[in-house]
Every structure is written in C-alpha cells, then in structure tokens.
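Working from the sequences, and respecting the hints, build out all of it.
Number of protein chains: 2
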Amino acid sequence: MKRYIVVQKYGGSSVANIDRIKAVARRIIATKNNHNHLVVVVSALGDTTDELEALAYKISKDPPEREMDMLMSTGEQISCALLAMAIKERGYDAISLTGPQVGIKTDRMYTKARIETISDRRIRKALGEGKIVVVAGYQGVTCDNEITTLGRGGSDLTAVALAQTLKAKVCEIYTDVEGIYATDPRIVPQAKKIKIITFEEMLEMASLGAQVMQARSIEVAKKFDIPLHVRSSFSKEEGTMIVQKDEKLEDVAVRGITCNKSEAKITICAVPDQTGIAAKIFTEISRAGVSVDTIVQNVSHTKHTDISFTVSKSDLSKALASAKAVAQRIKAGEVISEKKIARISIVGSGMRSHHGIAAKMFQALAENKINIEMIATSEISISCIINQRHAEKAVRSLHQKFELGV
Amino acid sequence: MKRYIVVQKYGGSSVANIDRIKAVARRIIATKNNHNHLVVVVSALGDTTDELEALAYKISKDPPEREMDMLMSTGEQISCALLAMAIKERGYDAISLTGPQVGIKTDRMYTKARIETISDRRIRKALGEGKIVVVAGYQGVTCDNEITTLGRGGSDLTAVALAQTLKAKVCEIYTDVEGIYATDPRIVPQAKKIKIITFEEMLEMASLGAQVMQARSIEVAKKFDIPLHVRSSFSKEEGTMIVQKDEKLEDVAVRGITCNKSEAKITICAVPDQTGIAAKIFTEISRAGVSVDTIVQNVSHTKHTDISFTVSKSDLSKALASAKAVAQRIKAGEVISEKKIARISIVGSGMRSHHGIAAKMFQALAENKINIEMIATSEISISCIINQRHAEKAVRSLHQKFELGV
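Note that the protein sequences, when read in sequence, are chains P and A. Quick note on the numbering used here: the first sequence kicks off at 1 and runs consecutively. Quick note on the numbering used here: the second sequence kicks off at 1001 and runs consecutively.
By construction, these hints were calculated from the structure, which means they are not laboratory data. Owing to the predicted nature of the structure, the values given are computational and were not obtained by experimental measurement. One or more of the hints may lead you astray.
What the hints assert, rightly or not - 25 Å max Cα-Cα, derived DSS-like pairs, lysine-lysine:
{"id": "1", "chain 1": "P", "residue 1": "105", "chain 2": "A", "residue 2": "1105"}
{"id": "2", "chain 1": "A", "residue 1": "1167", "chain 2": "P", "residue 2": "22"}
{"id": "3", "chain 1": "P", "residue 1": "223", "chain 2": "P", "residue 2": "105"}
{"id": "4", "chain 1": "A", "residue 1": "1167", "chain 2": "A", "residue 2": "1195"}
{"id": "5", "chain 1": "A", "residue 1": "1022", "chain 2": "P", "residue 2": "58"}
{"id": "6", "chain 1": "P", "residue 1": "105", "chain 2": "A", "residue 2": "1125"}
{"id": "7", "chain 1": "P", "residue 1": "245", "chain 2": "P", "residue 2": "112"}
{"id": "8", "chain 1": "P", "residue 1": "22", "chain 2": "A", "residue 2": "1058"}
{"id": "9", "chain 1": "P", "residue 1": "58", "chain 2": "A", "residue 2": "1032"}
{"id": "10", "chain 1": "A", "residue 1": "1022", "chain 2": "A", "residue 2": "1061"}
{"id": "11", "chain 1": "P", "residue 1": "360", "chain 2": "P", "residue 2": "331"}
What the hints assert, rightly or not - Covered by chain A, according to a simulated footprint, are these stretches of chain P (three or more residues, beta-carbon under 8 Å):
{"id": "12", "segment": "17-27"}
{"id": "13", "segment": "53-61"}
{"id": "14", "segment": "80-89"}
Unchecked claim - Partial chain A-side listing against chain P, Cβ under 10 Å, derived:
{"id": "15", "residue": "1018"}
{"id": "16", "residue": "1021"}
{"id": "17", "residue": "1023"}
{"id": "18", "residue": "1025"}
{"id": "19", "residue": "1029"}
{"id": "20", "residue": "1089"}
{"id": "21", "residue": "1097"}
{"id": "22", "residue": "1143"}
{"id": "23", "residue": "1145"}
By construction, the Cβ of each residue, glycine as well, lies at the ideal position given by its N, Cα and C atoms.
Below is the structure:
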C-alpha cells in the first residue's frame, strides 16, 4: 500500500479535556495504521483561548498585539504537547512541534499574521523516522524570531497550508458537528448534512455567516486544490467534502441557507444626489477602519436620496460617528441605525444557470409576511436583510421552499 | 547618574494573580526610574507549573521528557507576556522574550537542561531602545531548536546566568519571604533574617534543606561573583545579600540551622567485614539510579558490621530493592529502613576556625534527650540524623544554644 500524507486538524472542542485528547489519540493511531504518514494540527484545549484573552483584558483594555501573540500562542503549545504524550502513551512514536519549530514564517501583522513560507524539512524528517507529527495550530514566527498568531480559526489555516506544503492527499478538519449542513440545525432540526460542496459555495456560506471553517483557509484550499473533509471527531461518519467544481457534483441552485445576526444597518437620509457623493461617504467610513458590507442606494426621484449600508455590530459606534460627521459635511439629513437586523442568504453555484431563484426567495418571504429591508446579490448568492425577529421563520420557509430537507 | 544593569527575578508567588502582576509592574517601574537598565526574569503564575504537570500525569505515568518541556515552558511564556503588558499599560516600554528568543542555549537534557551559552544581542538591543526586558525564566533551546527547561527553580538560574552575561551590578531574587532566615520561622518564630551570608554557606544550607533558592543558581553566582539579593516582593525592606566571603563579613561559627525531612535511612545489617565490600554495595545502588547522602559505617569489632545510609524518600523503594539484592549476594544480614528521620544541620564558615562546635551541638541535643542516629560533617556544617518527631525541638534547642536569636 502506497504511503501518502494525510493532514488532520482537531478543533478546541475535540480536545476540550483529557478524555477527549485520549480519544483523539486513538483516532489518530487508527488513521496511522492505514499506512499513512500523518500530520496533525491541533487547536487550544476547549476554552483556553478565551481564558488567556480574559487574563490579558484584566491587565489592559487594549493589550499590545505583540504581547497578545506571545500569550495566545501558548494555548496550542500546551495541546500539541499533551496530544503527543497521549499518542506515545499508546506505544506510537510522536513529536510535537510549535509553529516556529516547523518553520511557519509569517509577516509581522500580530494577531492576524499571514503565512509567507513554510519549511517542510523538519516535518519530513520526523515522518521519515516513522513519527506522527503534532503541530501547534494558529501560530507562526517572523523572520526576526517574533511569535505571531494567524487570527481566530487560524488552526484551519495552519492545516491547509501544511497540506499544501506537504502535498497531502486530503486535509481533514475535525470539529464537534458532523459536517456542513444545508442550514443551521438549531433553526431547522431536519436540516441535512451536505455531502459535497464546492470551495466557492463554502466560501460564500462562510462569508455570509456559516461558522464551521475560517474563510481564509477555504480560499487557500481552493487556490491549491486541496480537498477538505469537514467531519466530526466524535463519530466515524463521513462528513462534508469541500472540492473544486467538477462534473460529478450536481449543480443545484441552492446548496445552503445562512443566517447572520452580527450586522447592524446605518441609513444616511436625504443625501444630496450629486456625482461622487457616495465615494465621499465611504472613503470617510473606511478611514475610520470600518468595513462596510451591503450598500443600498435607491434611484433618486428628487434631489435627495437615502443611502443604507451594513457594518459589523462591533464596528457600529465607530461607523456611526464617522457617518454623522460626513453627513453634516455633505449637508445630508439624519443618520439612523438599526441593530435588530438579520441577513438571510441562499447560496448555490447553480444559480448562475437557473432562473427565477430570487423571485422564489422573495415569494417565500412574502408568503410569511416578512418584509425585506435590503437586498444584495452575488453571482452565487442572494441575501435579504430583514427584521431580526423573523430570522428563524425566514430560514425555515426558505428551507421548505427550496426543498433542502428532501 | 551612570546607567548599569539590574536583573530582577520574580517567583511564582510574586505573580500569582493579576493584582500581584500589576504590583510587580509598579515595582519594576520604580527601579527603572532610578536610571537603571532593567532585565526581569519571571516564573510561571502561582500554581501554573503544578497544574500543567498534573495534566501531563493524567495522560501518562511517565510522560516523555521532551514533551514535558514543550508543555511546561508555556507557564513562563504566559507570565512574561502578561507582565510586559502590565508594564506597558503604565506607559513604560517593555518587551517579553522567551528563553529561545533571548538565545539561552542549553544541552539536550530535557527537564534539567544545563545552560551552555547565552547571547546578549537581543536583550542589549531592547535595552538600547529604552525597553524593560521581561524574560521567561526556566527555559532554553538546544542548538537544533528543541525547547528545554532547566529543572525546578530554574528561573533563578536564568536570572543569575543573565546577570553574568550582561555584567549586571546585582541580581535581585524576589520571593514571598523577607530573605534567608537563620532557621525556618515556622519552627522558630523569633528566627532572625540573615543580613549577609556567603555563597558557600548558602550552598551548604540549600543542600541541607533550606528551600529559598535553587542550589545550582547559587553555584553559578559564586563562580562568577554575582551578588545576589534575596528579598520580598511584598515589602521595601532589604533582604539577604549573598556574597563572596570578605573581610567585612563577620566570621560566625553558626550562621543558620536547617531541618530536612525528605530523607529515609536504610541499614544493611551484619555486612561481612571485607575490603571492598562498601564499594560493592554502593556501586550497585548507584546503578539503580539512586543517590546516597550520608553513609555511616562503624568500626567493626567482630567480623561483621552495620552500614547505614540515607537516600531521598522518593528513591526509597528503588534503593531498598537494590540494597536487598546486594545484601543477599554478599551474604549480609537483614536490610531495614526507616522513613521517620530528620536531618538537623548547623552551617557556618566560622566552623573552620572555631573549636568545640560539634560538642556544643551534641550537648544541646543531649540536654533535650534527643538521640542521635547518625552524624555527618563537612568543612562548614555538622548534621545529625534524629527521629523525625524530635525535629522541631532539636531546631529550637540549637537556635537557643548558638544564640542565633540574639
């Protein structure tokens, strides 16, 4: 049997306590016994990341980012050491490596560093010695030996980037759910697990609020064509394969439905309808360090128009201050905001070739007397911003309308 | 005012929680304001080291040492990051560095590595930029980038070794007591703090059971003549200076009294009195990986003699098995062991020139009807092994006899 490399990544819930670490060790050994070379990437134990962060915030409201990375990177160092111990305890050889030890070189953007290069020397040497390699996720090192982290969900990125460097056959992402669901099972209990989905669709779902995997990792996997297998560490069931689009993959109009309650809406009323006015507004807001999502401006029938846009709730106060300042300068009217909104989106690459998908979506919402406040579309998704209190009803009605439970 | 380098080391109890970390930061800033360059070495927060160790022992009875060091080194990395944050929060520039980042190169003896070289490049650069440098204690890195730790109390060693490398004026060891006491204040409440003590005496006291500082660190400080100042992080009082012997230092016969209950005694009865028999016995026992402390063999009036020796309680079962095996082979008699012993020692470099110190010690014990089971002497100490239940009484009587409370 030919040996190939498998990269597995275990999330924090998969290693939340000693018993789970032992269970993960057993699972890893079972994979190893299939004659594979195995590289395992591990997140911090359960809530360690939150606990470390809480310590820092007890010292400072705005802890320096370099020191944060020094602090936060210890979580994964602990879990990789413990997992290597658990594997060795069962008689298999293993070695833990930190991001710096592997040679995961990043830029200097502390707390959200980007990987620049990865050396495969140390890992290949250990694999050659028959060892199972356990890598601390989420971390790297700059060229001048500073410890960095890759941002929340960064262990996914470590796994995907290692899979690319090592030309792994597959990158398995272990989590506490069975895979990617057509929609959130907490909202629609009969939601089905998606067996196969394209990178493009998964990216769209992630950007629209599905929280299974970090978007950046999916981008990297897409770029280098690394098949991802998202599956549960608590069961042997196959999970969801994320792959490039190919012929075998049925081209459905709607693959999934997402619901995102993390945004807020700002409306600048009575904006003078002049060329370049939108540019003025959004240049100002971007200077405040806020990223804007959906923007809606209706065609103006008078000399004034309303401009609405959404921002992350955490950016709302910054965005509002900035919007009010610019509104005054351009002699616009009132600036109002609304936090109780939800973005409901349908995603599917078949949308490109199927017609009437948008109409069907709006029908479903209308039948349930749900008012649409904003609409936004991409090539493979349609989003409606609605009142947050209708969010669950909207998801259920769309799930039924597009027959995703069948 | 001329700038010089001060190295300070804060132990785990000094940084046991966020409030203490903040207090230590204030203290550091006060030192810095005296126009000094400041390098701070910090231990893991409070019980972190024990907690990490407990996690490992839940996975394995005998966790692999390389993985232990990977795990244990995170404790100091956490505390140095938090302390640097706390200093920066008060408006002073600081930077945390791990042992590997400093360039503390060690051999590969995991869990008890020895420092081989230290680079001063990174620290001097940071000091030159006006930063307070906070170094994670207890850790280093091998030439092939493996993380090592220096053994329990290793942060003291980090501090002393850095003080040597940086030619520091003084190395201050902050702890939760006011300094070194003539004897344990839990036994003798009126015990006095020693103002000044020689390295040699301190080493002797440490090896005989005084637990304030790691012995290896004192050796290094002695070798390179780095004055140590052991003091409390909770008070501004001067603590104990540990220095080379010089004229100013009064040459007292007894500087301190120690009490050590961590040993057990083994007696091999009726050992045939032949040349080389002791060598046979102790070669065997040392092969079992046990180190033996005091050995007593009485002059033999018959063809047989009893040989007694002490070992660490944790080595007792190993030592006993080995002693029984060798006893059988050499046709000796019974092997018996006794765990309830205590070693009571008096230490003082003046012992070399003062006479009658031993006699005075034995008198004090006799006056209190304390039977002496074994006696051992060094150039600057005398130890008696006695029944453990008399330990406190013995210490108190010696404290009085040698007038240490005056």
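Status of the hints after comparison with the structure:
About 22 Å separates the Cα atoms of residue 105/P and residue 1105/A, which keeps this hinted pair within 25 Å; it holds. With a C-alpha separation of about 48 Å, the suggested pairing of residue 1167/A with residue 22/P is violated against the 25 Å cut-off. At most 25 Å may separate the alpha-carbon atoms for a hinted pair to count; residue 223/P and residue 105/P meet this at roughly 19 Å. Only pairs whose Cα atoms come within 25 Å are accepted, and residue 1167/A paired with residue 1195/A is accepted, the gap being roughly 24 Å.
A threshold of 25 Å between alpha carbons decides the hint, and for residue 1022/A with residue 58/P the separation of about 10 Å falls inside it, so the pair holds. Proposed proximity of residue 105/P and residue 1125/A is supported: the alpha carbons are some 23 Å apart, at most 25 Å. For the proposed pair residue 245/P and residue 112/P, the alpha carbon gap of about 29 Å is over 25 Å, so the pair is violated. Between residue 22/P and residue 1058/A the CA atoms are separated by roughly 10 Å; this keeps the pair inside 25 Å, and the hint holds.
Proposed proximity of residue 58/P and residue 1032/A is supported: the alpha carbons are some 24 Å apart, at most 25 Å. Pair hint residue 1022/A plus residue 1061/A does not hold up; C-alpha atoms about 37 Å apart against a cutoff of 25 Å. Under the criterion of a C-alpha separation no larger than 25 Å, the hint pairing residue 360/P with residue 331/P is inconsistent with the structure, at around 40 Å. Remark: the segment 17-27 of chain P is confirmed as covered by chain A, as 3 of its residues place a Cβ nearer than 8 Å to a Cβ of that chain, reaching the required three.
A stretch counts as covered by a chain when three or more of its residues have a beta carbon under 8 Å from one of that chain; for the segment 53-61 of chain P and chain A the count is 5, and the coverage holds. Under the rule that three or more residues need a Cβ within less than 8 Å of chain A, the assignment of the segment 80-89 of chain P holds, with 8 such residues. Taken as an interface hint, residue 1018/A checks out: its beta carbon lies about 5 Å from the nearest beta carbon of chain P, inside 10 Å. Given hint, residue 1021/A at the interface with chain P, holds; its Cβ is 7 Å from that chain's nearest Cβ, closer than 10 Å.
For residue 1023/A, the interface hint is violated, the least distance from its beta-carbon to any beta-carbon of chain P being 12 Å, above 10 Å. Taking 10 Å as the C-beta contact cut-off toward chain P, the hint placing residue 1025/A at the interface holds, the least distance being around 9 Å. At a threshold of 10 Å, the smallest CB-CB gap from residue 1029/A to chain P is about 14 Å, leaving the interface hint violated. The restraint placing residue 1089/A at the interface with chain P holds, with a minimum CB-CB distance near 4 Å, inside the 10 Å limit.
A hinted interface residue such as residue 1097/A counts as satisfied when its beta carbon comes closer than 10 Å to some beta carbon of chain P; here the least separation is about 9 Å, so the hint holds. Given hint, residue 1143/A at the interface with chain P, is violated; its Cβ is 13 Å from that chain's nearest Cβ, farther than 10 Å. This hint holds: residue 1145/A has a C-beta 6 Å from the nearest C-beta of chain P, less than the 10 Å allowed.
The structure is inconsistent with the numbered hints 2, 7, 10, 11, 17, 19 and 22, although it conforms to all the rest.
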